[in-house]
Amino acid sequence: AQSVAQPEDQVNVAEGNPLTVKCTYSVSGNPYLFWYVQYPNRGLQFLLKYITGDNLVKGSYGFEAEFNKSQTSFHLKKPSALVSDSALYFCAVRDGSASNTGKLIFGQGTTLQVKP
Amino acid sequence: DAEITQSPRHKITETGRQVTLACHQTWNHNNMFWYRQDLGHGLRLIHYSYGVQDTNKGEVSDGYSVSRSNTEDLPLTLESAASSQTSVYFCASSESREGEQYFGPGTRLTVT
Chain A
1 AQSVAQPEDQ VNVAEGNPLT VKCTYSVSGN PYLFWYVQYP NRGLQFLLKY
51 ITGDNLVKGS YGFEAEFNKS QTSFHLKKPS ALVSDSALYF CAVRDGSASN
101 TGKLIFGQGT TLQVKP
Chain B
1001 DAEITQSPRH KITETGRQVT LACHQTWNHN NMFWYRQDLG HGLRLIHYSY
1051 GVQDTNKGEV SDGYSVSRSN TEDLPLTLES AASSQTSVYF CASSESREGE
1101 QYFGPGTRLT VT
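Those sequence lines, one after another, are chains A and B.
Residues in the first sequence are numbered from 1 upward in steps of one, following the working numbering.
Residues in the second sequence are numbered from 1001 upward in steps of one, following the working numbering.
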């Protein structure tokens, strides 16, 4: 069965420092991987995705993520955190081998707190 | 600009009542989804649709139904609201089944 794990409920980082939000996944076929961000009382906003190609994916607001097939991970990173990056982050996976389905499985979310 | 909207944004209802949450998108996307978000569970898929007259059950579909009579709308109906259905509900759409989904602002539903 497909699953996504975000092992940290909360990540704290100082403004200007690099940040990493971790995500590991389990699918039977090739993974399609996504990161979303949710600000308070708002819907989820798409940040970036990996479907195929370069393992380092660049997305919105300076975020990037590295796909690691051997470790089944897709960690979200940013070289220099901003206070405005403080939000709830979700990793999601779609099984690329499932026929004609767009269903995503979401992790439980990681709260990122960036302190000035 | 194209967008996805949900209404109402907040709803309080009583146990046993029928409730319908609206979702409307102007991207002309064929694929639409309903999720619920609960603390500790992330987002869980309720129902989804790949086009007009197409509906499919997600992982937590019991007590919910959807209908797709046109491309733009996918209303979610709670046939007989239960306290366990108190949650925040999000609608999403996507251009392709493989691609990213775009989410509405959510509806906070409280069942008393």
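Simulated from the structure, these hints should not be mistaken for laboratory data.
Every value quoted in this text rests on a predicted model; they were computed, and no experiment measured them.
Backbone N, C-alpha and C define an ideal beta-carbon position, used for all residues, glycine too.
Errors might be hidden in some of the hints.
[To be verified] Listed below are several chain A residues computed to face chain B (Cβ distance under 10 Å; list not exhaustive):
{"hint": "1", "residue": "Asn41"}
{"hint": "2", "residue": "Phe67"}
{"hint": "3", "residue": "Ser80"}
{"hint": "4", "residue": "Leu82"}
{"hint": "5", "residue": "Ser84"}
{"hint": "6", "residue": "Ile105"}
To see whether the hints hold, each was checked on the structure:
Nearest Cβ of chain B to the Cβ of Asn41(A): about 8 Å, under the 10 Å cut. The hint holds. Below 10 Å, beta-carbon pairs count as interface contacts, and Phe67(A) has none with chain B, the closest being about 16 Å; its hint is therefore violated. A least Cβ separation of about 25 Å between Ser80(A) and chain B goes past the 10 Å threshold, and the interface hint is therefore violated. Look at Leu82(A): its Cβ only gets to about 22 Å from chain B, farther than 10 Å, so that hint breaks.
Because the beta carbon of Ser84(A) sits about 19 Å from the nearest beta carbon in chain B, more than 10 Å, this interface hint is broken. With 10 Å as the threshold, the beta carbon of Ile105(A) comes within range of chain B, its nearest partner Cβ sitting at about 8 Å, so the hint holds.
Hints 2, 3, 4, 5 from the list above are not met by this structure, while the remaining hints are.
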